[in-house]
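*Asks:* Please build the complex by placing chain R on the supplied structure of chain Y, with the hints as guidance.
Here the protein sequences line up with chains Y and R, keeping their order.
Following the working numbering, the numbering of the first sequence begins with 1 at its first residue and continues without gaps.
Following the working numbering, the numbering of the second sequence begins with 1 at its first residue and continues without gaps.
Think of the hints as simulated: they come from the structure by calculation, not from any bench.
You may find that some hints are simply not true.
Okay, derived cross-link-like pairs now, DSS-like style, lysine-lysine, Cα gap no bigger than 27 Å in a straight line [said to hold, decoys possible]:
1. Y:LYS151 x R:LYS38
2. R:LYS117 x Y:LYS108
3. Y:LYS108 x R:LYS74
4. Y:LYS380 x Y:LYS245
Source: prediction; values computed, not measured.
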Amino acid sequence: MRAIQISILLLFGFLQTVSGQFSNHLNVGFESSLIWYNDDPKTGDFYDDVSRSGEEHLRSNNYLKLDYNFYGFLSASIQVESYSPSALLNFSPNYDNTNIGTYSIRYKQGKIDATAGYYYTQFGSGLILRSWEDRELGLNNALRGGIITYKPMEDLSVTALYGKHRVGFKTSNGNIFGVDLTFNLSNRLGWETTQMNFGPSFVGRQEKLELENPGFDELTNAFSSRFDLSLGSFYAGLEYVLKGKDGIAFRNSFDNYFVKPGSAILINAGFTGERFGADLTMRRLENMSFFSDRLKKGNIYNENVVNFIPALTKQQDFSLANIYVYQPQFSVLFLAENLVKVGEIGGQLDLFYKIKKDTPLGGAYGTSLALNTSYWAGLKNTSVFPNPDAGITANYHAEPLGFGTKYFSDFNFEIRKKWSSNWLTNTFFMTQNYNKRYLEDSAIEIVRAKIAAMDAIYKMSDGKSAKIEIQHLWAKEDKKNWAGGTLEYNFSPRLSLYVNDLYNYGNDHQDQRIHYYNFGGSISKGSNRLSLNYGRQRGGLLCVGGVCRIVSESTGLTANLSISF
Amino acid sequence: MKSYLLTLCFLVSILLTYAQKLPYASLQTIDNKTVSTKTISSKEGLVVVSFWATWCVPCINELDAISEVFDDWKEEINFTFYAVAIDDARTKNRIRPMVKGKSWPYQVLIDENQDLKRGLNITSMPFVIVLKKGEIVHKHTGYSQGAEEELYTTLKSLSK
Numbered sequence: 001m002r003a004i005q006i007s008i009l010l011l012f013g014f015l016q017t018v019s020g021q022f023s024n025h026l027n028v029g030f031e032s033s034l035i036w037y038n039d040d041p042k043t044g045d046f047y048d049d050v051s052r053s054g055e056e057h058l059r060s061n062n063y064l065k066l067d068y069n070f071y072g073f074l075s076a077s078i079q080v081e082s083y084s085p086s087a088l089l090n091f092s093p094n095y096d097n098t099n100i101g102t103y104s105i106r107y108k109q110g111k112i113d114a115t116a117g118y119y120y121t122q123f124g125s126g127l128i129l130r131s132w133e134d135r136e137l138g139l140n141n142a143l144r145g146g147i148i149t150y151k152p153m154e155d156l157s158v159t160a161l162y163g164k165h166r167v168g169f170k171t172s173n174g175n176i177f178g179v180d181l182t183f184n185l186s187n188r189l190g191w192e193t194t195q196m197n198f199g200p201s202f203v204g205r206q207e208k209l210e211l212e213n214p215g216f217d218e219l220t221n222a223f224s225s226r227f228d229l230s231l232g233s234f235y236a237g238l239e240y241v242l243k244g245k246d247g248i249a250f251r252n253s254f255d256n257y258f259v260k261p262g263s264a265i266l267i268n269a270g271f272t273g274e275r276f277g278a279d280l281t282m283r284r285l286e287n288m289s290f291f292s293d294r295l296k297k298g299n300i301y302n303e304n305v306v307n308f309i310p311a312l313t314k315q316q317d318f319s320l321a322n323i324y325v326y327q328p329q330f331s332v333l334f335l336a337e338n339l340v341k342v343g344e345i346g347g348q349l350d351l352f353y354k355i356k357k358d359t360p361l362g363g364a365y366g367t368s369l370a371l372n373t374s375y376w377a378g379l380k381n382t383s384v385f386p387n388p389d390a391g392i393t394a395n396y397h398a399e400p401l402g403f404g405t406k407y408f409s410d411f412n413f414e415i416r417k418k419w420s421s422n423w424l425t426n427t428f429f430m431t432q433n434y435n436k437r438y439l440e441d442s443a444i445e446i447v448r449a450k451i452a453a454m455d456a457i458y459k460m461s462d463g464k465s466a467k468i469e470i471q472h473l474w475a476k477e478d479k480k481n482w483a484g485g486t487l488e489y490n491f492s493p494r495l496s497l498y499v500n501d502l503y504n505y506g507n508d509h510q511d512q513r514i515h516y517y518n519f520g521g522s523i524s525k526g527s528n529r530l531s532l533n534y535g536r537q538r539g540g541l542l543c544v545g546g547v548c549r550i551v552s553e554s555t556g557l558t559a560n561l562s563i564s565f
Numbered sequence: 001m002k003s004y005l006l007t008l009c010f011l012v013s014i015l016l017t018y019a020q021k022l023p024y025a026s027l028q029t030i031d032n033k034t035v036s037t038k039t040i041s042s043k044e045g046l047v048v049v050s051f052w053a054t055w056c057v058p059c060i061n062e063l064d065a066i067s068e069v070f071d072d073w074k075e076e077i078n079f080t081f082y083a084v085a086i087d088d089a090r091t092k093n094r095i096r097p098m099v100k101g102k103s104w105p106y107q108v109l110i111d112e113n114q115d116l117k118r119g120l121n122i123t124s125m126p127f128v129i130v131l132k133k134g135e136i137v138h139k140h141t142g143y144s145q146g147a148e149e150e151l152y153t154t155l156k157s158l159s160k
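So here's chain R without its partners, still in its complex pose:
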């Protein structure tokens, strides 16, 4: 029993002292420039990385909702927002016209063979990661209408 409890404490302590970085991956901008995760991690302030795809409806709902309040958030919090699309050759060509058609304010990157998604063991979408000083400080999967308010609260408290 005691050893069981100790093991449990040990596992909990691992989770508490946990601070990961983004694994190395090379991503593409919509006009074919290369951006590595090193560049993303080295940004000042908070960095939000939101994984999405042109075929993922909750992802689009989330990005639509955030785009409406984006300017208000920007006034209060210092953050950079990356929308990382995991579309492959099937749907990749729809990314650019869709992003422009929606006038989203995000920096859109493409993880075409899903190297970053796999490196982070992401299995369901949407998936949001927040980085502070290059370390992952928040992760969240799924979206239901209104959940962007929780992300705002998280960013607000992390920015202090």
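Chain Y on its own, in the form it takes in the complex:
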């Protein structure tokens, strides 16, 4: 008996040593979101529009990711995903059951960095190519194939890649090819304080065509060039993308004569001084939708996306400022004779300033001011609306710098101020002009909203703190006025509880004056976190990082767990 005990202990010691070394090279991440959707007496019974059933009330998305590093130059990664019994509401039906989502093996030594399997990457700002993961959006357009980056010298790197997009647990029909160069010119020119970068890229998308005598090629080529300059307190950037001629789908089919190129131009310039920063971004997009499978254009699950075109407006924090969110207009869409969209043009400006402390307005800690404003319009164009029966092909001509129908504008500013060692407040004001007819193809025309919000944080001793937030939205159109509030209490930096409500009290329809209430809490330890929430989710657009997903109204109990070690 004793011998067994000793051998167990010896084995244990051995395993511990081995596992110690093993675990030094292993990263594990686990994330789980579980929701029980319940029937709601106010908003209706639970119903899934995709599966057309109100059965499966319990849904979960689970991700287990393991990364292992061998000998410092070789690493392997695998991500197993489980959507069981089904994925959360509004996720793509291509996420079903349990399977391996991504896997890869990477070699990184000296001048070479190569990955085989699934990989994430981007060229420039992503305007020509980006593959990334956003679990909240259900977006994962990792490329499956191979990528190699060669850095012959410090100032130059060359990347070549090939892959098919991940689509749920399958891959795209189309193939993606890419080459990117990044030069840092400063060292070459012997500059010390000035940074100058230059980078040309190529991305090709090849997808088999099942058309007779197609008027365009299977392979669509896109070229881009970017240039960044940083000169002391001034900086500027320019990126230009030209997408070759390609057929434009109309009502899910192609007309051999409706074939057009696309283009994007992005200009950015900024200036910083002492306690001051300013940034101006301008962009023009024309026919820039780019998908690995052509007919996936505009799919609501963000699948098969080749490039990343985010809305260039400020990502807002207050929830009422997230009802009328601008979505970038990069596709050519002939929705009706008086609703033709071929692209967008506009820009945004950001200003940051911190009022010095120990001044009348700065107080003892200084005051931070932030101002943001944007204006976006459709590209001015002349168009011919298609009529296949009469043999009329769609066509358009966009003006180089013509501002057409206004899509969106906003002006917002916030004042963050610390009043004492205990009190901190943030005051926010915003006006929005949202062209709902053009942006959502809705019967409602323009929504003009004003939003005011304020939050205050009170810090107590022993890591305790409390937060109160109030917000209001005024509008005379659509769902009209909203009010909202939040109360949050942190027992320690690890444990917090909250309750919040958004109330659409101004709605014309009595039965749609709904309280979107939520309450819950979270507990964290080190890098692990568990949160619970019960409440009603407002339907509409859920936007993360400039990409939006449509979510339907639902009520339920949510549990989120994330563990990493």
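*Replies:* Using the frame of chain Y, we list chain R on its own:
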């Protein structure tokens, strides 16, 4: 039961003997210079890596709070502080004016396609990592007002 306990002991022992390094990733400074995680890991003294984004309010509250006491901490502890922004093309252009507008004392780096964030399996923000001799010795997620005092205590005890 016994095997269950043994497995548990085994798992606990893995966690106890655990010492990870930063995975390889290439980051950008705000003026487009490249900095690899190798450079970050090789810094003398303690290294704090704080993940944030221009749209993450608790992250900004945390960095604001630390910036106020930064000089006091520096007098007592030998550490380097990196504020790693995970903003992508949507908001990346706001990083530089915001950092300058706030006069933060940190070395700001950009993890634009989130390679480092993904490599560390970070799912919620803010997220702070402390490295000592290139090894991860502390991790923490979330921020509530005043939590920077705990980070100070942690750094103080790790610096001994």
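*Asks:* Does each hint fit the structure? Answer for all of them.
*Replies:* Okay, the hints, checked on the actual structure:
no. : hint                : verdict
1   : Y:LYS151 x R:LYS38  : holds, 16 Å
2   : R:LYS117 x Y:LYS108 : holds, 18 Å
3   : Y:LYS108 x R:LYS74  : violated, 35 Å
4   : Y:LYS380 x Y:LYS245 : holds, 20 Å
Hint compliance for this structure: hint 3 is the single one not met.
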